[in-house]
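**Student:** Sequence:
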Amino acid sequence: MVKKVSKIEEMLKNEKVEWKEIGDIPEIKVITVKKKLKKQEYLREGDYPIIDQGQEFIVGYTNDNDAIIDKYPCVIFGDHTESIKYVDFAFAQGADGIKILKTDEKYIKSRYLYHTILSYYKLEGKYMRHFSLLRKTLIPIPSIKTQEKIVKTLDKFTEYVTELQAELQAELQYRTNQYEYYRNMLLSEEYLNKLSKKLLDVSEGGTNRLCCTTLGDIGKFTRGNGLQKSDFASHGKPVIHYGQIYTKYGFETNEVISFVSEELFEKLRKARQGDILMATTSENIEDVGKCVVWTGNEEIGFSGDMYSYRTTENPKYIAYYFQTAEFQKQKEKKVTGTKLIRIHGDDMEKFSIHLPPLSLQNKIVEILDKFQAILSETRGLLPKEIEERQKQYEYYREKLLTFDIESGTHARTHARTHARN
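Going left to right, the sequence shown walks through residues 36 to 456 as this note's numbering numbers them.
These aren't lab readings, by the way, just hints derived from the structure by calculation. Certain hints may be false.
Below, in silico cross-link-like pairs of lysine-lysine (DSSO-like), each with a Cα-Cα straight-line distance of 30 Å or less [unchecked claim]: (1) 157 / 191; (2) 141 / 64; (3) 232 / 255; (4) 366 / 283; (5) 180 / 255; (6) 325 / 405; (7) 232 / 51; (8) 171 / 184; (9) 364 / 405; (10) 64 / 144.
Label-pair ranges, simulated between beta-carbon atoms [what the hints assert, rightly or not]: (11) 75 / 228: 31 to 41 Å; (12) 68 / 421: 26 to 36 Å; (13) 322 / 62: 46 to 56 Å; (14) 70 / 414: 23 to 33 Å; (15) 405 / 125: 47 to 57 Å; (16) 125 / 322: 31 to 41 Å.
We put the beta carbon where it would ideally sit given N, CA and C, even for glycine.
Work out the full structure: start from the sequences and follow the hints.
**Tutor:** The structure is reproduced here in structure tokens:
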């Protein structure tokens with residue numbers, strides 16, 4: 036039987052390579068810069084981008100011509116953070132902590148070096164200096180022609196992953212906008228009036244009408260107390276901290292991720308099934324007031340900088356109302372603070388709300404729950420699809436950067452081990 040040879044194997048067939056530690060390659064120079072910019076010097080807009088050792092590619096801009104680095108393309112390595120970036124434009128260095136690697140493009144392509152570092156450098160994951168480890172990293176150096184072929188193939192996969200991410204982000208944004216439009220429409224006074232007349236007049240004898248009331252008339256805000264993140268224990272009584280509403284919870288939940296001792300729990304304010312938990316401190320107006328509906332069976336404790344809201348109406352209907360443009364307008368008039376934004380229960384009690392009968396609240400919640408499910412599905416697909424494509428890219432990077440030991444090269448596993456000794 037004739038063995039099938041893949042395009043990758045064909046590309047690397049009989050390829051002679053050198054194996055060298057990065058620090059032993061004279062064609063790779065570390066650029067010394069004349070000027071490094073401090074964070075307080077970063078601009079939101081400017082002529083040149085600033086690159087530092089953080090994970091974000093571009094962290095700011097500058098108009099300072101003395102700080103410009105025009106020796107590109109180059110590879111940037113975060114000495115503390117181990118971030119790896121490829122730059123093919125003029126830029127300025129932000130603060131300390133990066134090593135700028137410039138290659139002799141006739142011997143080793145900067146873009147090829149970038150891909151090989153991603154493949155061969157073993158991340159430590161600790162905040163310490165790592166450049167000495169990078170210098171000891173052993174990499175294969177094939178001919179320039181093969182380097183160019185490898186770069187071209189890997190760049191196609193990188194571009195594909197980027198395009199896919201943009202498409203999924205656009206789809207998510209479209210569905211989010213669609214959901215917000217229908218949510219605002221369903222909970223508007225005009226639409227609620229139409230629904231109330233159409234669905235309730237006949238079946239309930241015309242006695243039920245949409246009413247305009249206040250949050251204080253239909254429920255009660257209770258301020259949380261005394262819970263710090265340092266109080267968390269591995270097990271114990273269930274609690275929610277206000278910061279977790281922004282980072283850990285969605286629209287509703289029936290379980291918690293944090294616990295405290297029974298002694299502390301007794302001192303905390305409690306929420307029960309059907310209560311809405313609202314974070315009332317944020318860095319921006321849009322986020323302050325973010326909520327999660329507690330649907331679990333047991334009581335939970337909750338921290339300061341948040342309220343519970345208890346009502347005999349459908350709590351999910353009220354929580355959806357808290358997301359509307361109408362609530363946002365009222366909230367903007369009452370928030371306090373500049374750097375740290377707050378909203379207070381005494382003010383929110385006076386906020387108006389258009390309230391249909393409970394049966395109609397239930398119907399609206401059912402519709403909005405379906406929209407939420409679609410959004411959650413889309414959000415779930417985004418990281419999953421990107422992860423799959425990233426794995427595909429890494430697989431081909433491995434294949435392209437692995438050379439036959441019989442052609443006078445080291446084995447890949449040996450190369451990794453040798454690089455750390």
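**Student:** Now look at each hint and say whether the structure bears it out.
**Tutor:** Against the structure, the hints come out as follows:
1. 157 / 191: Distance of about 24 Å is within 30 Å: holds.
2. 141 / 64: Holds, because 14 Å separates the two Cα atoms, which is no more than 30 Å.
3. 232 / 255: 29 Å, holds
4. 366 / 283: Given pair residue 366, residue 283 holds - Cα atoms ~23 Å apart, limit 30 Å.
5. 180 / 255: 72 Å, violated
6. 325 / 405: Holds. Residue 325 to residue 405 sits at ~20 Å (cutoff 30 Å).
7. 232 / 51: 81 Å, violated
8. 171 / 184: 26 Å, holds
9. 364 / 405: Roughly 26 Å separates the two Cα atoms, so the pair holds.
10. 64 / 144: Status holds; Cα separation ~13 Å.
11. 75 / 228: 31 to 41 Å: 54 Å, violated
12. 68 / 421: 26 to 36 Å: Since residue 68 and residue 421 have Cβ atoms about 34 Å apart, the given range 26 to 36 Å holds.
13. 322 / 62: 46 to 56 Å: Check passed, 50 Å falls within 46 to 56 Å.
14. 70 / 414: 23 to 33 Å: 43 Å, violated
15. 405 / 125: 47 to 57 Å: Once the Cβ atoms are compared, 51 Å apart, the range 47 to 57 Å for residue 125 and residue 405 holds.
16. 125 / 322: 31 to 41 Å: 36 Å, holds
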